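What follows is the residue order along each chain.
2 protein chains.
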Amino acid sequence: MIKYFSKDSILESDSFFRRNLINCLSGYKSLNLIGTQDSTGKTNLAPFSQVFHIGASPPLVGMLVRPHTVKRDTLENILETGFFTLNQVTPEFYKEAHWTSARWEGSEFEGTGLKPEYFEDFPAPFVKDSPVKLGCSLVETQTLKVNQTILVIGSIDHIFVEEEGLRTDGSLDLNVLETVTVSGLDEYHVGKKLARLSYAKSDREVEEI
Amino acid sequence: MIKYFSKDSILESDSFFRRNLINCLSGYKSLNLIGTQDSTGKTNLAPFSQVFHIGASPPLVGMLVRPHTVKRDTLENILETGFFTLNQVTPEFYKEAHWTSARWEGSEFEGTGLKPEYFEDFPAPFVKDSPVKLGCSLVETQTLKVNQTILVIGSIDHIFVEEEGLRTDGSLDLNVLETVTVSGLDEYHVGKKLARLSYAKSDREVEEI
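Same order as they appear, the protein sequences are chains A and B. Residues 1 to 209 in UniProt numbering are what the first sequence lists, from first letter to last. Residues 1 to 209 in UniProt numbering are what the second sequence lists, from first letter to last.
Heads up, some of the hints might be wrong.
Remember, identical chains collapse to one label, so a pair may be satisfied in a single copy or spanning two.
[Unchecked claim] With a straight-line Cα cutoff of 20 Å, these simulated EDC-like cross-link-like pairs (lysine to aspartate or glutamate) come out:
(1) 193 with 173
(2) 193 with 178
(3) 192 with 92
(4) 3 with 173
(5) 192 with 178
(6) 192 with 12
(7) 192 with 173
(8) 3 with 178
(9) 201 with 105
(10) 3 with 163
(11) 145 with 186
(12) 3 with 157
(13) 42 with 117
(14) 3 with 169
(15) 192 with 207
(16) 7 with 163
(17) 128 with 164
(18) 95 with 208
(19) 193 with 162
Think of the hints as simulated: they come from the structure by calculation, not from any bench. Here the structure is a predicted model, which is why all the values come from computation and not from measurement.
Working from the sequences, and respecting the hints, build out all of it.
Here it is as structure tokens:
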């Protein structure tokens, strides 16, 4: 059976119900911990599910930030220092990753017990136990007129990957890396591979590769 | 063992290797088939992995479109008619979903055998077998200065959900709906739930709910 919601019925529904539903509609979302620090070196760590690929050459990543949420520290630190890290999450520490979204007085690293890691003089902390860590620099920000959400675009300057998950063609085996994905606001999953598929051509059906 | 890539080593690497790697770095991505039609009613269907939540009130969705790819028809149709559909993919038809990315002379529906479905006079086709279907209208587009990628923002006007996957709190059980997620350019997965976690507070550890 199919359940239908019109825009009016969504707007009239309970705000908790609406938030849960709308956050699930795009499907599974990427999960990354974003590491930053302010100009005094105080570190911050926050979970983001709206990080996405923008381009491969040069390598660019985008993320959406709400200006008026608890995650504001992340944006302020990025604007202040110009740098941030992205860290994939595994089942070993997804509960600590979720816990970083609480309102902590001090650093989320101290609060949750997640260990920071530094690379040379890069001015943002990485998450030590993450299997895929990116060091990024700010390229530009754009404010979306429609609801003041801020799109942050970063250049991927440093990549650290667990070798066991790196294939010879450059792709990552996210099942081996045990990358966690999130749905809605609070539900976490790992992936279970169906197949890789061949480059699509209209004169033949796609095949598993 | 950790493998390190600097920005320079990424830019100097083989373009196939680079594209595979960079496309995997954000983690699992949402997968949606976007349905559109032109002013003559000719339908188009294309897979997108860069669809994301922008806001819940009003309900807004965003997607990134490259202007110079085979998926250009989608953007042109959206600009022409102002409407599009988003359709989650299941293991039953993920191969056909991938196949829609080939260069088809006619409609991707006819080419791949996926069945279209229409709702009243909404001017874009839905995918009949999809468990989560959204009818959206164009709100605004923004071109990213950095690489001319286009951000399309849509209002979610109609939602169709398989009832078996809709929980009483509004969230969707994507495991039950068998929603497919994609990594990199060509690898498909289903999700396997770890847990839902309680609202995070700094004075207590998060719990499974």
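Quick rundown of the hints versus the structure:
no., hint, verdict
1, 193 with 173, "both (9 Å within a copy, 18 Å between copies)"
2, 193 with 178, "both (12 Å within a copy, 13 Å between copies)"
3, 192 with 92, "both (17 Å within a copy, 15 Å between copies)"
4, 3 with 173, "between (36 Å within a copy, 14 Å between copies)"
5, 192 with 178, "both (10 Å within a copy, 11 Å between copies)"
6, 192 with 12, "neither (37 Å within a copy, 33 Å between copies)"
7, 192 with 173, "both (11 Å within a copy, 16 Å between copies)"
8, 3 with 178, "between (34 Å within a copy, 17 Å between copies)"
9, 201 with 105, "between (55 Å within a copy, 11 Å between copies)"
10, 3 with 163, "between (45 Å within a copy, 6 Å between copies)"
11, 145 with 186, "neither (28 Å within a copy, 34 Å between copies)"
12, 3 with 157, "between (46 Å within a copy, 14 Å between copies)"
13, 42 with 117, "within (14 Å within a copy, 54 Å between copies)"
14, 3 with 169, "between (43 Å within a copy, 14 Å between copies)"
15, 192 with 207, "within (18 Å within a copy, 24 Å between copies)"
16, 7 with 163, "between (47 Å within a copy, 18 Å between copies)"
17, 128 with 164, "within (17 Å within a copy, 40 Å between copies)"
18, 95 with 208, "between (35 Å within a copy, 9 Å between copies)"
19, 193 with 162, "within (19 Å within a copy, 23 Å between copies)"
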